[in-house]
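Engineer: Construct the entire structure; sequences and hints are all you get.
Here the protein sequences line up with chains A and B, keeping their order.
So for the first sequence, my numbering puts the first residue at 1; every next one is plus one.
So for the second sequence, my numbering puts the first residue at 1001; every next one is plus one.
Quick caveat, the hints were computed from the structure, so don't treat them as lab data.
C-beta: ideal position from N, C-alpha, C; glycine also.
Take these hints with a grain of salt, some might be off.
Claimed, not checked - Over the 12 Å line for every Cβ pair with chain A, so calculated as not near, a few chain B residues:
id	residue
1	F1038
2	Y1055
3	Y1057
4	P1077
5	M1078
6	R1142
What the hints assert, rightly or not - Each computed BS3-like pair below joins lysine-lysine, with the alpha-carbon atoms no more than 27 Å apart:
id	chain 1	residue 1	chain 2	residue 2
7	B	K1023	B	K1062
8	A	K23	A	K62
9	A	K75	A	K62
10	B	K1042	B	K1023
11	B	K1075	B	K1062
12	A	K62	B	K1023
13	A	K42	B	K1042
14	A	K62	A	K42
15	A	K42	A	K23
16	A	K62	B	K1062
17	A	K23	A	K75
18	B	K1062	A	K42
Number of protein chains: 2
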Amino acid sequence: MRLLVEDEIPEGETRGRPRQLTKRSIVQAAARIRPEEFSLSKLADVLGVSSQSLYHYFPSIKSIKDAIADEIAQKIPMIDTGLPWRAYVSEMILQYRSWLNQNDYPIARNAVYDGIAIFRIAGRRSEILLRRFDNFISVFLRDGFTLDQTVEIWITVQNFLRRSDLHRAEATGMASAWSDLQADIAESEEGQYSALEVLLETPCPEMNALYLQITNILIDGISARYGVD
Amino acid sequence: MRLLVEDEIPEGETRGRPRQLTKRSIVQAAARIRPEEFSLSKLADVLGVSSQSLYHYFPSIKSIKDAIADEIAQKIPMIDTGLPWRAYVSEMILQYRSWLNQNDYPIARNAVYDGIAIFRIAGRRSEILLRRFDNFISVFLRDGFTLDQTVEIWITVQNFLRRSDLHRAEATGMASAWSDLQADIAESEEGQYSALEVLLETPCPEMNALYLQITNILIDGISARYGVD
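Structural biologist: So, in structure tokens, the structure goes:
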């Protein structure tokens, strides 16, 4: 088994020549296959190569997902440590969402959830994640938080970033959930869900505003909990 | 295809007689198989039946995961609506964690993530989820929040509950992440991650305290954001 950490062939050489496999060309092809159709033999078909040649680069589907998790982590924008902590957290969350909306890899969703850990990616030391954490600590210490508080806040923000569906929701993402809810209540006996009946007289929340609001709840909660403006 | 909503055979009759399949006995057997080994034929082996007989109950792995998501949702403790909103949210989160720690189903983890939606479970109308949401709205309206705010808070809390790794983390859950971090920094050049070096002189956070702290950040954030005590 051969493990590649970097591409061995310059990127330009892969264009139009799918048999010149690189780690990157495989990952990019993998990203275009729908998760429910994904297999190593399907991927080999798409690339026009044999399954055997893929195994040289990636011995398992998991190793492909890990590579995608790496790529995702490396491309997430780095935040300016000159910002005050509130703006720093806000940028961290909003830029992650914006980035993800343009660079989502359906096949890697669970891998990203599993693979990007709070301190490591896919169980391995990650310069990019250590750098992010180090920057984060320096911003919070500078702005008056203690070390213990800073760790708690890092875990809180990471937990929010890693698992949230909201990141991937489109601007109209609440509309279908809201109309499902209306249908469910229409099927219920009148008065069975009286608070919901009242609620449904208000308009469906708009997803971008909702996302911003949740981000602000998080930031205000940090401020209130630790008594730091 | 036959769809069973309730068990058709009393629970007692299944003991020691694995060929007397019920939806529940299948779900319980499925919960004991490790996710990486899971398949319908493996499940049939464990139950001592043919794959064909399983298809009468569950036509796909997805349908088994959905059934587990249903079962999980139904067993999550219902919270007393007499509590003030802060205690209500806190109980909702802490009881969910406590329940999950005793009733986790490894095979269904992603199904639970995918399947328990903010208003529905596995895409279907769910009395239990409508009841929870209706209760939640009534508590928050009673305590002075507006309808719009209540929806935002419901999405915030659901988002936290659905995706958090922290729910499943054991009391010592941070220890291995912390020692990985120490190893990663030991491998780095001195001064490369100077804030992390300072941080690692503090003890590893304790998971239960950390979880409580994040819950409190959420609650304080709601209070601060909406100006409601």
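Engineer: Could you check that no beta carbon of chain A comes within 12 Å of the beta carbon of M1078 (chain B)?
Structural biologist: Label holds. Min Cβ-Cβ 14 Å, cutoff 12 Å.
Engineer: Decide if the proposed pair is consistent with the structure: K1042 (chain B) and K1023 (chain B), CA atoms, cutoff 27 Å inclusive.
Structural biologist: holds, 17 Å
Engineer: Minimum C-beta separation from P1077 (chain B) to chain A exceeding 12 Å: can you confirm that?
Structural biologist: holds, 20 Å
Engineer: Does the claim that Y1057 (chain B) lies outside the interface with chain A hold up, using a Cβ gap greater than 12 Å?
Structural biologist: Holds, because the least Cβ-Cβ distance between Y1057 (chain B) and chain A comes to about 22 Å, which exceeds 12 Å.
Engineer: Next pair to validate is K23 (chain A) with K62 (chain A); report whether the Cα-Cα distance is within 27 Å.
Structural biologist: holds, 14 Å
Engineer: Just want to verify: F1038 (chain B) was marked as not at the interface with chain A; is every Cβ pair farther apart than 12 Å?
Structural biologist: About 14 Å separates F1038 (chain B) from the closest Cβ of chain A, which puts it past 12 Å; holds.
Engineer: Would you assess whether Y1055 (chain B), listed as outside the interface, keeps its beta-carbon beyond 12 Å of every beta-carbon in chain A?
Structural biologist: Holds: least Cβ distance 19 Å, greater than 12 Å.
Engineer: Given the hinted pair K62 (chain A) and K1023 (chain B), is their Cα-Cα distance within 27 Å?
Structural biologist: violated, 31 Å
Engineer: Take the C-alpha atoms of K62 (chain A) and K1062 (chain B), compute the straight-line distance between them, and say whether it is at most 27 Å.
Structural biologist: Since the Cα atoms of K62 (chain A) and K1062 (chain B) sit roughly 20 Å apart, the hinted pair holds (cutoff 27 Å).
Engineer: For the pair supplied as a hint, K1075 (chain B) and K1062 (chain B), confirm whether the alpha-carbon distance does not exceed 27 Å.
Structural biologist: holds, 20 Å
Engineer: Given the hint that K62 (chain A) pairs with K42 (chain A), does the C-alpha gap stay at or below 27 Å?
Structural biologist: holds, 15 Å
Engineer: Using Cβ atoms and 12 Å as the threshold, tell me whether R1142 (chain B) really stays out of contact range of chain A.
Structural biologist: R1142 (chain B) not clear of chain A: closest Cβ-Cβ about 10 Å, inside 12 Å.
Violated hints for the displayed structure, listed by number in ascending order: 6, 12.
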